[in-house]
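Generate the whole structure from the sequences, applying the supplied hints.
There are 2 protein chains.
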Amino acid sequence: MSGKKKLKKARRKIEKLKGKLKARADVAPAKKPTIVSPLAPKSGFPKLPTIDGVRFATASAGVKYKDRTDVMLVELAEGSVIAGAFTRSATRAAPVLDCEAKLGRAATGGAVILVNAGNANAFTGQAGQTSVDAISSEVARIMGVGQGRVFTSSTGVIGQPLPHDRIIARLDELKAALSPETIASAAAAIMTTDTFPKGAAAEYEAEGGVIRIAGFAKGSGMIAPDMATMLVYIFTDAKISQKTLQAMVSKCVDRTFNRITVDSDTSTSDSLLVAATRRSAAAEVGDMRSASGKRFYEALESVMLDLAHQVVRDGEGATKFVEVRVTGADTDADANKVAMAIANSPLVKTAIAGEDPNWGRIVMAVGKSGARADRDRLSISFGDIVVAEKGWVSPGYTEESGAAYMKQEDLLINVDLGLGGGTAVVWTCDLTNRYIEINADYRS
Amino acid sequence: MSGKKKLKKARRKIEKLKGKLKARADVAPAKKPTIVSPLAPKSGFPKLPTIDGVRFATASAGVKYKDRTDVMLVELAEGSVIAGAFTRSATRAAPVLDCEAKLGRAATGGAVILVNAGNANAFTGQAGQTSVDAISSEVARIMGVGQGRVFTSSTGVIGQPLPHDRIIARLDELKAALSPETIASAAAAIMTTDTFPKGAAAEYEAEGGVIRIAGFAKGSGMIAPDMATMLVYIFTDAKISQKTLQAMVSKCVDRTFNRITVDSDTSTSDSLLVAATRRSAAAEVGDMRSASGKRFYEALESVMLDLAHQVVRDGEGATKFVEVRVTGADTDADANKVAMAIANSPLVKTAIAGEDPNWGRIVMAVGKSGARADRDRLSISFGDIVVAEKGWVSPGYTEESGAAYMKQEDLLINVDLGLGGGTAVVWTCDLTNRYIEINADYRS
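Going line by line, the protein sequences match chains Y and L.
For what it's worth, this note's numbering labels the leading residue of the first sequence as 1, then goes sequentially.
For what it's worth, this note's numbering labels the leading residue of the second sequence as 1, then goes sequentially.
Honestly, the hints are just simulated from the structure, not real lab data.
Some hints here could point you the wrong way.
[Said to hold, decoys possible] Listed below are the simulated EDC-like cross-link pairs for lysine to aspartate or glutamate, each with C-alpha atoms no more than 20 angstroms apart in a straight line: (1) Y:13 <-> L:15; (2) Y:9 <-> L:15; (3) Y:243 <-> Y:254; (4) Y:5 <-> L:15; (5) Y:64 <-> L:399; (6) Y:8 <-> L:15; (7) Y:64 <-> Y:165; (8) L:16 <-> Y:15; (9) L:13 <-> Y:15; (10) L:18 <-> Y:376; (11) Y:18 <-> L:15; (12) Y:64 <-> L:356; (13) Y:16 <-> L:15.
Because the structure is a prediction, the values reported are computed rather than measured.
Structure (C-alpha cells):
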C-alpha cells in the first residue's frame, strides 16, 4: 500500500473511531453527579446580620470526616433565653433527650451550643449520655457556664459510640477562635450529606431599635415530620421572654419544618434551638396577641420557612422542588393526610423525577391517604393547568401542556377535594437514582 | 509535514481514540436490566391442577400493549360461589366498585371473570362505569350468564378511558378458545410491569375425595396494603358455601396480601376473587370451627401466601426478598406499625439494596413508627445474627458478619421491642435504581 493510501486508511479509521466514541458518549452517564444540588439557591449562602451576643467557632475534630470542619461551638451571652423543638421519635438520641431535659429547667446565664457532624450518638446505650455529659462538663468548665446551659447535638451515623475525646481536645481551640462574624463557617461545619450550607435571616425596625434574626440548618435525607434529620440554630437579639419565644417556636415549627418531607423517614436526632440574646435596643417583644409579638413571629416564621425550603432543595438526589397544596378537605388534618400521601409516594416522586405528568398517581395517593375523598369531586392542577376535575381528566387538558409544565424546576401540585374547608401545604422533592446511590452506600 | 510524519501522527491519533473508547466502555452502563426478576422462582411457573368447572381463554385486544395477550376470560360453571376482597382506596376504580356491588348480591348461576391489562379504567369519571357495563352486558349475552355474574378487573394506566370496544371485539374469539388447561396463559395475560407470571396451588385428600385449589396473581409496583396493585384469581372445586368462603377469604387476606409492601403505594384497582365450583367429590367444607373448614383454610392460606410472596419477589427493581418479624410489642397493632415502618422506609430499603447492614436505620424506623418503644429494651437481629440489644450494638456483633449476611438473596430482619406479646410479620423487597427507572418513565 502506498503512503498516501495508508494515510487515507488511517484517516478513515480515525473518523470511524470518532463516530464510535460519540455513540458511546450518548449511552455513558451524562456526568458525575453535581457536587451541589441543582436546586440550591443561585445566590449562594446569604449575607447574614451579626447578632449581638452570639459568637461562633469551628474546628476539625476528625469525628468521622477528614479534611473538613466537623465541630461547631456557639457562645450565647449572659441573659440569653433559649427555646427549642425536637424529634418525637421513640428512639431519640442521647443529645436530644439531654437538650429536652435542660430546656425544661428554668436555668439562666450564658449558654453554649456544641454540635458535631459525622456521628449521631444515637442508639449508643448508656454510652450516649456518658458522651453528652463528658462534653457538657468540659464545655461548662472551659466556657464558664453551668453544665445545664450546655446544649449539644450530634448528627451522622447511628449506633457507633461518639469519640467525644476528639471533640473535647478541640475545646480550647474553639474558645480561642470565637467570633461574631463566622456564622457561615458554623453552618458548613454541621453538614453531613448536605450539598450546601443553609442560612436565612430577617431584620426589621421595631419600636426603639432594629431586631435581627439569623439562623442556619443542616438536613438532606431522613427528612420527614416531625422535624426531619435536621439541626437548626436560630439567633436573635430581640428582648423576648423564654415563654413567649417557646410558644412562637412551637407554632412556627408546625407551619414550616413539620411541613416538609424528603423521604418519609424521621430522624432520631432532629433538634431546633432558637436563642434570644435580648441585646437589641428595641422594646420587649410581647406575646402573639400583641403587635410587636405578631411582627416578630412573622419574621421568625419567614426565617424558618426559608431554611425548611432549603432543606428540601438539598433533599438527597433532588432535582425538583415541589409544593403540594390541598384544599377542600373535610378538615385540616384530612388535608394534611392527603398532602403527605402525595409528597411521600414513591410513585408520585419518581414520576416527577421523570418529568412525567402522571396525575393518575396523584389520584392513587389521594385514595390511599385515609382521608375522606369523593372521586367525582376531586380536581387536580399542575400550577395553573387544570389536569383533572369531576373525577376525570379535564376537557381542556393536554399531555403536552402537562409535560411542558413538569420540565420546570419548581412545581406546584394543587389538589381540591371539593368537600369542605380543610387545607394544607407541604413541600417535597422528587425521588431519583441519586437518592438510591447516596443511601445504598452511605457508610462505606 | 512529510507523508510519513502524517501517517505516524494519524496512527498516534488512532491509539489515543482507541484508549478513550476503552475508558468510555468502563463507565458505560454494565448491561440492560434483566428481563426477569432475580428473585423469581427458579422452577418457573408451577404445574397447576385442573379445577373442574373452570375454563380459561386469552386474547390480544391491543388495549395498550402490542404483540402480547392482554385480555383474559374465565368461565365458572353453574353453581359456582364467589368471594372477594378489594382495595380500600377512596379512589377505587369503576370495575372494583362494580365487583363489590355484584358480590354483595346473592345471585347464583354460572359466572364469568374478564380482566384486561394496560388500562386500569380508574379515575375515568362516569365513562368508567359505562365501559364496565358495556363489557359486562356483552359478556353476559355471549356467555349466557346474568350480567350480575360478570366480574371485570382492569389494570394499568390510570385516567385514560378504557377502549372497551377492542375487548368486546374479542369476546367470540375468547369463548371459542376456552379450555380447562390454559391457566398459565391466563396468568401471563394480566401482567403489566410484572416480570414473571405467578401461580400457586394446593391439593389434598378430604373426606370423600380430593380438593384442589389453583390460582394466579399479578402485581409488581404500587404494592402496599391494603391489597397492593394486585389482581388475584383463585379457583377451587371444593363444596363450600359463599358465606364460609367469604369469611375465610377475608381472614386469609389479612394474613397474606395485607402483609406485603413493595413501595407503600396502594392501588385503586386491587381485586381478589376466589371461586368455588363445588364439583369435588369431597364432602361439604364446614366453617372455620370444623376440621374440614380448618383444613381447607390452611390450604387456601398457603396458596395466598405463596402468591403474595411471589408479588414481592417481582417487586419493581427488587434484588432482595425481606421478611420483617416484630415481636415483643405492646399489641399486634403496634407490632404491625413497626414492621410496616421498617418495610416501607426508603433508607432501610436502599441500605438493603446496597447490602449494607445499616441497623441504625432500623432503629430510626422503629422510632418513627408511632408504636411504643423503649430504646433500651430493643433488640435487632439479621437472621440468627444478634446485631443490637439493650439499646446498643451487641457485644458479639461484627460488621463483617452483618455484611456477609446481607449478601444473601432472602433476608430476615427480627426486631424485638421487649415490651409485651404483640407480634407481626410482613414481607418486602429492597429499593433500587431499577425501581426509579421503571417508574420515572412508566407511561412513555
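Structure-based check of each hint:
Between the alpha carbons of residue 13 of chain Y and residue 15 of chain L the distance comes to roughly 10 angstroms, so the proposed pair stays at or under 20 angstroms and holds. Between the alpha carbons of residue 9 of chain Y and residue 15 of chain L the distance comes to roughly 14 angstroms, so the proposed pair stays at or under 20 angstroms and holds. The straight-line distance between the Cα atoms of residue 243 of chain Y and residue 254 of chain Y is roughly 17 angstroms, inside the 20 angstroms bound, and the hint therefore holds. About 19 angstroms separates the Cα atoms of residue 5 of chain Y and residue 15 of chain L, which keeps this hinted pair within 20 angstroms; it holds.
This hinted pair checks out: residue 64 of chain Y and residue 399 of chain L have alpha carbons roughly 17 angstroms apart, not beyond 20 angstroms. Taken as a hint, the residue 8 of chain Y and residue 15 of chain L pair is honoured in the structure, with Cα atoms around 16 angstroms apart against an allowance of 20 angstroms. The straight-line distance between the Cα atoms of residue 64 of chain Y and residue 165 of chain Y is roughly 13 angstroms, inside the 20 angstroms bound, and the hint therefore holds. With a C-alpha separation of about 13 angstroms, the suggested pair residue 16 of chain L and residue 15 of chain Y falls inside the 20 angstroms cut-off, and the hint holds.
Of the pairs offered as hints, the one joining residue 13 of chain L and residue 15 of chain Y holds, with about 10 angstroms between alpha carbons and a cut-off of 20 angstroms not exceeded. Among the hinted pairs, residue 18 of chain L with residue 376 of chain Y is inconsistent with the structure: their alpha-carbon atoms are about 62 angstroms apart, more than 20 angstroms. Simply put, residue 18 of chain Y and residue 15 of chain L have alpha-carbon atoms about 12 angstroms apart, close enough for the 20 angstroms limit, and the pair holds. The straight-line distance between the Cα atoms of residue 64 of chain Y and residue 356 of chain L is roughly 18 angstroms, inside the 20 angstroms bound, and the hint therefore holds.
For the proposed pair residue 16 of chain Y and residue 15 of chain L, the alpha carbon gap of about 13 angstroms is at most 20 angstroms, so the pair holds.
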